[in-house]
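Join the two chains into one complex using the hints; note that each chain is given alone, in its own frame.
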Amino acid sequence: MTGFPSISWNLLLPQIVLLSTALFLLLLAVIYRGGGRSRGATVAGAVFSLLGLGVAAFMALAQYDTVADTFGAMLRLDPFSTFFTLLIIGGAALCVLLSVREAGGLKAMAGEYYALLIFSVLGMVVMVTAADLLVIFIGLETMSLAVYILVGIGGERENGAEGSLKYFLIGAFASAFLIYGIALLLGTTGTTRLDGIASGLNLAEGGSLQLVAVALVLIGFLFKIAAVPFHMWAPDAYEGAPTPITAFMAVAVKASAFAVLLRVLNVSLLPLADYWLPVMWTLAVLTMTVGNLAAIFQGNIKRMLAYSSIAHAGYLLVALASIDPAAAGVGNDPAMASVLFYLTVYTLMNVGAFGVLIYLGGGGRQMETLEQIKGTGFRYPLLGVAMTVFMFSLAGIPPTGGFLGKFYVFSAAVNRGLISLAIIGVLNSAASAYYYIRVTVQMYMRQSDEQLPGLPFSLPLAAAVLLALYGVFQLGIAPSDLLTAADRAVLFLR
Amino acid sequence: MAEQIFFYFFAALSIVSAFLAVTRKNPVVSVVWLISCMFSLAVIYVILSAFFLAAVQVIVYAGAILMLFVFVIMMLNLKTGMVGQLRNLGLKFVGLIAALLILRQFYSAIKGAGAMTGLPPRAAAGFGEAAAVGKLLYSQYIYPLELMAVLLLVAIVGALVLAGKEQS
Numbered sequence: 009m010t011g012f013p014s015i016s017w018n019l020l021l022p023q024i025v026l027l028s029t030a031l032f033l034l035l036l037a038v039i040y041r042g043g044g045r046s047r048g049a050t051v052a053g054a055v056f057s058l059l060g061l062g063v064a065a066f067m068a069l070a071q072y073d074t075v076a077d078t079f080g081a082m083l084r085l086d087p088f089s090t091f092f093t094l095l096i097i098g099g100a101a102l103c104v105l106l107s108v109r110e111a112g113g114l115k116a117m118a119g120e121y122y123a124l125l126i127f128s129v130l131g132m133v134v135m136v137t138a139a140d141l142l143v144i145f146i147g148l149e150t151m152s153l154a155v156y157i158l159v160g161i162g163g164e165r166e167n168g169a170e171g172s173l174k175y176f177l178i179g180a181f182a183s184a185f186l187i188y189g190i191a192l193l194l195g196t197t198g199t200t201r202l203d204g205i206a207s208g209l210n211l212a213e214g215g216s217l218q219l220v221a222v223a224l225v226l227i228g229f230l231f232k233i234a235a236v237p238f239h240m241w242a243p244d245a246y247e248g249a250p251t252p253i254t255a256f257m258a259v260a261v262k263a264s265a266f267a268v269l270l271r272v273l274n275v276s277l278l279p280l281a282d283y284w285l286p287v288m289w290t291l292a293v294l295t296m297t298v299g300n301l302a303a304i305f306q307g308n309i310k311r312m313l314a315y316s317s318i319a320h321a322g323y324l325l326v327a328l329a330s331i332d333p334a335a336a337g338v339g340n341d342p343a344m345a346s347v348l349f350y351l352t353v354y355t356l357m358n359v360g361a362f363g364v365l366i367y368l369g370g371g372g373r374q375m376e377t378l379e380q381i382k383g384t385g386f387r388y389p390l391l392g393v394a395m396t397v398f399m400f401s402l403a404g405i406p407p408t409g410g411f412l413g414k415f416y417v418f419s420a421a422v423n424r425g426l427i428s429l430a431i432i433g434v435l436n437s438a439a440s441a442y443y444y445i446r447v448t449v450q451m452y453m454r455q456s457d458e459q460l461p462g463l464p465f466s467l468p469l470a471a472a473v474l475l476a477l478y479g480v481f482q483l484g485i486a487p488s489d490l491l492t493a494a495d496r497a498v499l500f501l502r
Numbered sequence: 176m177a178e179q180i181f182f183y184f185f186a187a188l189s190i191v192s193a194f195l196a197v198t199r200k201n202p203v204v205s206v207v208w209l210i211s212c213m214f215s216l217a218v219i220y221v222i223l224s225a226f227f228l229a230a231v232q233v234i235v236y237a238g239a240i241l242m243l244f245v246f247v248i249m250m251l252n253l254k255t256g257m258v259g260q261l262r263n264l265g266l267k268f269v270g271l272i273a274a275l276l277i278l279r280q281f282y283s284a285i286k287g288a289g290a291m292t293g294l295p296p297r298a299a300a301g302f303g304e305a306a307a308v309g310k311l312l313y314s315q316y317i318y319p320l321e322l323m324a325v326l327l328l329v330a331i332v333g334a335l336v337l338a339g340k341e342q343s
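Protein sequence lines, in the order shown, are assigned to chains X and D. Positions in the first sequence are counted from 1; adding 8 to them yields the working numbering. Positions in the second sequence are counted from 1; adding 175 to them yields the working numbering.
Quick caveat, the hints were computed from the structure, so don't treat them as lab data. Worth double-checking, as some hints may not be accurate.
[Claimed, not checked] Under 8 Å between C-beta atoms, here's a sample of chain X residues computed to sit facing chain D: (1) 34; (2) 134; (3) 147.
[Stated by the list, open to error] Far from chain D by the CB rule (all over 10 Å, computed), these chain X residues: (4) 94; (5) 285; (6) 371; (7) 411; (8) 449; (9) 468.
[Claimed, not checked] Only pairs whose alpha carbons sit at most 27 Å apart, straight line, appear in this in silico DSS-like list of lysine-lysine: (10) X:310 - X:174; (11) X:174 - D:200; (12) D:267 - X:174; (13) X:310 - X:382.
Heads up, the beta-carbon is just placed ideally off N, CA and C, and yes, glycines get one too.
If we strip away everything but chain D, and leave its shape as in the complex, we get (with noise of 0.2 Å):
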């Protein structure tokens, strides 16, 4: 019961603080409550036994780079009301059409998955542990891990050439 109660409290709160986070006009306030969100969806992991996954939801998303988020927001001292705003209406259109259409279909997988009674089944002792997930990465997804690796590297070397360029 009681872990009934704080799914459905953090799944209310992660739906509400993600729909606050869109439509917010000043940026800080906006990132606040992506925070918000990014917290809540890491109750629910621990809620479904995902330890590992909620401890790294709180450390790379809600704490580094969301912290990223603000230190750029601050940087560029964008003022309220100065994230652009869609003028074209007929991309507004386009948009809201868009966005009917993926509720509809949501909703009917929604519909056609049946209703769920109660919560999930409860996860085999030590599933999503660090242990685990971090046995499952070494073995059945080295492959990915190692490439994810190069990908990395990509990246810093990438930054690394593009600010250099502005020295030279």
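Chain X on its own, in the form it takes in the complex (with noise of 0.2 Å):
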């Protein structure tokens, strides 16, 4: 029997600033409940939601740099989780900042509407900190029954309810994948440690089943990713859910699930990489493929940008084919750190255009299809240059970040001798150019049938829109100091 584990608390307080964040944002939502306030609790709610956002990524931010195990090492705080875990939490603030206007259409619920958004959050942070994969499961957990709730709290929205019911349900049967694969890999390596998997998997002895572990546990990370064929939930619960969340869901979640997967596939399952690099291979030409043909069929704008947001997940799957196993503790893969570069301007670049989404519905009118943002762009001069600005970065047309971030996930590809994988790839990208640039078009070159209402000015949504802009130029021009970041990061995957 093992003694108490030795804890060093320190490494823990980014978790315990979101967790007392989330804990305070529901006493709120209590105390705005009785005076049906409803502006003041969204405003609070997202002032505290920033701030506590805020010093949790300065505590991170303060030990980027810390390599320790703590709890009996089933937390592991290094330059890679702590990267991920500022890309999560900016990615929430971003989002916060959409959501001010949104939350505030939820009348009573705005309280809890932020405290779940902090609780998810907390979730992903567990799960990129996490050395364990049971860990891994309750974080994995935790972020996703919040954000199951948050996709259906949209009140009015007819269509909530069922992207919510959707994505819970086909999402437990994904969780039950993910579970049933951990007990066989307890029970065939002896532990579920990440580190002590890698040592225990034998596949000359009783391999068989540890192949069905492996399987079962990647296919619930894959839901995650809605890599096709696990991406039937997302088009419905992105349509449904809260603009914000979409964009939520779109960022973060993605985020965190392939920071679970690096991870794993690295430290875990590095010695089968002869089984699941041409799975990956295989799973990157279907995502990109189906996600970039049906986006073009889409009419409603949000509905497009799930479909892209499968398209992105199928580019970051042919990094993750490109990984090389036999640069393991030799030296930094560049596959690997694409995967991050990318990860970060895609937060950025999908928040950005959700933004506007969001700034362009802000009038009383509905602005979710191809239809209704007709002559926008004239309209409103500013959000429609932003809308482009994000469109050609998501089709990946320089100076952007977008295309930067294709082009190193592309040469990754091809370094590792796969010329196929990238051509497939860039194929796809020159297909999903055909719907992203639609939106400009239809922005510029139609005419409104209607009178276009002047829109409010909204602080917080131009503040989200005008970071995301920059970041996207900041990382097409000069993308040296996150790549440093991101090549430091990775090394210490092994």
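And the structure:
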């Protein structure tokens, strides 16, 4: 029997701050419930969420170079986990900025809205800092439960409940796969620790069961990143959710799932690389192609962005298929670093695109379909320019960050000799330009059928869009700082 | 010997009831078979000297969760045959292939593990009792345990939010 594990509380500070923030927000929701002051609740909730996220980010930043285990090696802090902690917190903070107006419409539920958002961020941070499959699972469930609720929270949307229920049912199913896989791994390798699994894997002896276990675990994660064929839930959930939550799902949920996938593949499953590399190859091709083809036929922009996010998961899987198992412990692997870079750019351009969409909807007129945004480019010039930049970045056109992200991913594939995969990726990227640029065409080249109303100014929304705009250009023109950080972070993945 | 008979009887019972739970058309009958499956699993846990786990299995699964199932089914007033059938032939086909693949993989796994002779080795004294499980939970697994508390809190808040939405 092992004794009580030694605990370094300071390593846990970001999680503690996030938990306290979420609990405080719950209390705040109760306080504001009485007077019906929903506007106050919204603003206070947003302010305290941002404050909590800021303090947590500060705590994480202060320990950026720390490499340490605690809680009997259930939690691991290294530049890789801290990189993702910061990325998730940053993405969540932008989503809070996007939420201020939308959450106001939820009236009674505004307080709980922010609390659930922070709870889900806590689950993600737990996931990316975990060094044990058990902890990863609990973090994943905390994140998912909070997001299921947030998808269904949008009061008057009739398809919110449908999207939420679909997401929940299929998500619960995927969780069952994941926990079954973890149980089989525990049974065949004797541990749930990520590094212990690597040494416990032995294909010669009972390996067949281990392959089943690995497949089940990977299915659980692939569901969260909405890789084809586990993507069926994504369009409905994205469309039904309140738009800020759609952005949150597209960026933060995806980033944390990819972080865990990277860590599990590299720390635990490296001995099985010959098995999962071809799987990633196939899934990358499927995910890119299905996502892009389906996106072309969407009239609803949120739905289109949902399929586009599936396609982007496909580009990221290209990077996973290009991981070099021989580079383990020798030097950095450009394929893995490109995932970190891509996810950062992806977070910024997606938040930006959704931000513009929310801003456009502020005039009391719904702005969700290609029909509805006709002619908005000249009516709201700044928003038109911003949307154009985000669409160009998503399509991968220089000098935006989206171009460099794709460039690094595809060049990593070419480096590993996966020329055909890179070609399929570039072709997909070219096809995707069609539906991204169609948004710009609708905004500028078509006339609106009716008089477009003026839009009320919203400081938080404008701030989020401007920050995203700045980031997309910054990463497109001077990417070296982030690249260095990403290169350094993946060194600790072994 | 008696243990072996017990094991084979309840192992067979759990498989048969699981099969029946999936194939029955009437949801209430399905749930009853599921309860039988959970009980047989609990007996197998006892044979493996995991007494605490067996008790939890009965209380949580056979007791609480399946009670919930029955409640929901009765409240929805599902009639026989109302559980949706897979009409899509393509889906059926894919499902069949996936099931066969998994069966094949499990078969080779069991074959690869070699022949089992008799029962698994006896666990040490005190293994699987509430005290031992508790000590482990509150020492080595304290971090996941505390996280579970957060997870349950999120679930409660979520249920209240979704239920409260209807009223306001």
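Against the structure, the hints come out as follows:
no. : hint          : result
1   : 34            : 7 Å, holds
2   : 134           : 6 Å, holds
3   : 147           : 7 Å, holds
4   : 94            : 21 Å, holds
5   : 285           : 20 Å, holds
6   : 371           : 26 Å, holds
7   : 411           : 38 Å, holds
8   : 449           : 37 Å, holds
9   : 468           : 23 Å, holds
10  : X:310 - X:174 : 17 Å, holds
11  : X:174 - D:200 : 23 Å, holds
12  : D:267 - X:174 : 20 Å, holds
13  : X:310 - X:382 : 16 Å, holds
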